[in-house]
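Undergrad: Going line by line, the protein sequences match chains A and B.
Just so you know, we're using the numbering used here here: the first sequence kicks off at 1 and counts up by one.
Just so you know, we're using the numbering used here here: the second sequence kicks off at 1 and counts up by one.
Just so you know, these hints were derived from the structure itself, not from any lab.
Glycine is no exception: its CB is placed at the ideal position from the N, C-alpha and C atoms.
Mixed in with the good hints, there may be bad ones.
Claimed, not checked - Label-pair restraints from in silico Cβ distances:
1. Lys166(B) - Asn141(A): 51 to 57 Å
2. Phe89(A) - Asp20(B): 35 to 41 Å
3. Pro105(A) - Ala122(B): 44 to 50 Å
4. Ser8(A) - Asp66(B): 52 to 58 Å
5. Thr12(A) - Ser11(B): 55 to 61 Å
As the list claims (entries may be wrong) - Anything over 10 Å on all C-beta distances counts as not near chain A; from chain B, calculated:
6. Ser4
7. Tyr26
8. Thr43
9. Asp104
10. Tyr113
11. Ile203
12. Asn208
Chain by chain, the residues:
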Amino acid sequence: MMRYSWKSKIYTLLSCVFFIGLWQLIAIIINNDIYIPRIQQVIEAINIIFKDQNSLKGVLSSFYRTMFSYGLALIFSMVLGVLAVVCPFFKYLMEPINSFGKTIPTMVLVVLSLVWFDKDKTPFVVGFAIIFPILYEGIRNNLMQIDKKIIDMTKIYEVSLKDKIKKIYLPTMKFYFMSIFVSTFSLTFKTVIAGEVHGQPKFGIGSQIQLDKVNFNTPGIFAWIVIIVIISLVLEIINKLLKKKIYRWNR
Amino acid sequence: MNISVENLNKSYENEEIFKDFNMEFYDDKINCIIGKSGCGKSTLLNIIAGLTEIQSGEVSGVSLSDISYVFQEDRLIEWLTVKENLEITLKKYFDQSVMDDKIDGILNLVGIYDIKNKYPNALSGGMRQRVNIARAFGKPSKVILMDEPFKSLDYKLKYTIIDEFKNLLNKEKRMVILVTHDLDEAIYFRGNIIVFNNKPVKIAGIFNEDLENCKENILRII
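Model the full assembly from the supplied sequences, consistent with the hints where possible.
TA: Following this line, the structure appears as structure tokens:
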């Protein structure tokens, strides 16, 4: 198992090296950094971003907006998910909102948010609106799939609703959340950045990317992509560590 | 305490399981219900426990607080330790100040005190079933319903656990209603053997004496 794990890591690393090499090769052939910058130009752009105070503020602002939208969507999803399971009225009430939220295109949301709210709020609204239906539906379905036999057991032993929520529903939500955290958080992050590109708040990765676009600074845009990928990797590592802790009963 | 099932009617889709069914269970007895798979034995237990709805009829003499249930599958919550699994089911009946002693006591009774901080995932089938039994005895109930709880255990382990269960029952008298399709297991309990057959269910016979010699008879009418 250990050997296999190392082998797969080496193959993944080799694959990364191959695609980076391919990128550099294409950049050399095209020889125009507006289309595809070389690796050294992107590293230089990353260096500039890290030295610039505003860029750091941009990263922190985007991260804060993502955390806020995601956190709010998660709290709403958990509360409404439990209500939908305990009281079917909420399930039916949420049905049309959820379907609407899932199908509405991101760009329509961005435009509407810009009309209804100011440019600083748009990334929050878009981040929340995109991720809430996904989290809510996932949490609700997960709760509904809790083994009926376990629920019957809790009936026989007269387990209180408080304990059912604390010891069964919340852990079930926690396990589901851990399995989707990286993908959904990354999606929120991307959506918030899209909202920033259009909303242009003072600080934000999206605002910086838009600025780089206007200035034809493609190395700058690539640099932001690299930074976003690094942030996602860090999240993935944190997620793995948390999973190890949370799933200790399954070892 | 007696449990009466009166004029019970229950059907699934177009299949009638119970039609005007009547039955009585008496105090401090092991009542083994035996019959073919799918004949309605487990359904009767679930009806007595209030887990299955009925079309009409009545179950009297018992309420939810009087019932413990040893399920066929142990129904342990995988992310809670053995102690936590017991704690969540006994919370309603015992004060937190005596909970630890109570849990230790039950685990000692079924001989699994050492595993109280383990997760179910780390336990063997036999250990898990012992926790299932401990949970049923932990609740201060008057009746223990048992739905083929030894089905998944191997022969030797099955009879070891049945012996342990009978010892426990001698210490803490309760009415037991056990469902099984294994006649040898039912005989080993030395209680009443109630034979179900047909659909809708009919009681084909009740045996409580000289069980070994009734074996042929029981097999004939199942």
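Undergrad: Each hint: holds or not?
TA: Hints, one by one, checked against the model:
no.: 1; hint: Lys166(B) - Asn141(A): 51 to 57 Å; verdict: 44 Å, violated
no.: 2; hint: Phe89(A) - Asp20(B): 35 to 41 Å; verdict: 37 Å, holds
no.: 3; hint: Pro105(A) - Ala122(B): 44 to 50 Å; verdict: 49 Å, holds
no.: 4; hint: Ser8(A) - Asp66(B): 52 to 58 Å; verdict: 56 Å, holds
no.: 5; hint: Thr12(A) - Ser11(B): 55 to 61 Å; verdict: 58 Å, holds
no.: 6; hint: Ser4; verdict: 20 Å, holds
no.: 7; hint: Tyr26; verdict: 22 Å, holds
no.: 8; hint: Thr43; verdict: 13 Å, holds
no.: 9; hint: Asp104; verdict: 19 Å, holds
no.: 10; hint: Tyr113; verdict: 20 Å, holds
no.: 11; hint: Ile203; verdict: 25 Å, holds
no.: 12; hint: Asn208; verdict: 28 Å, holds
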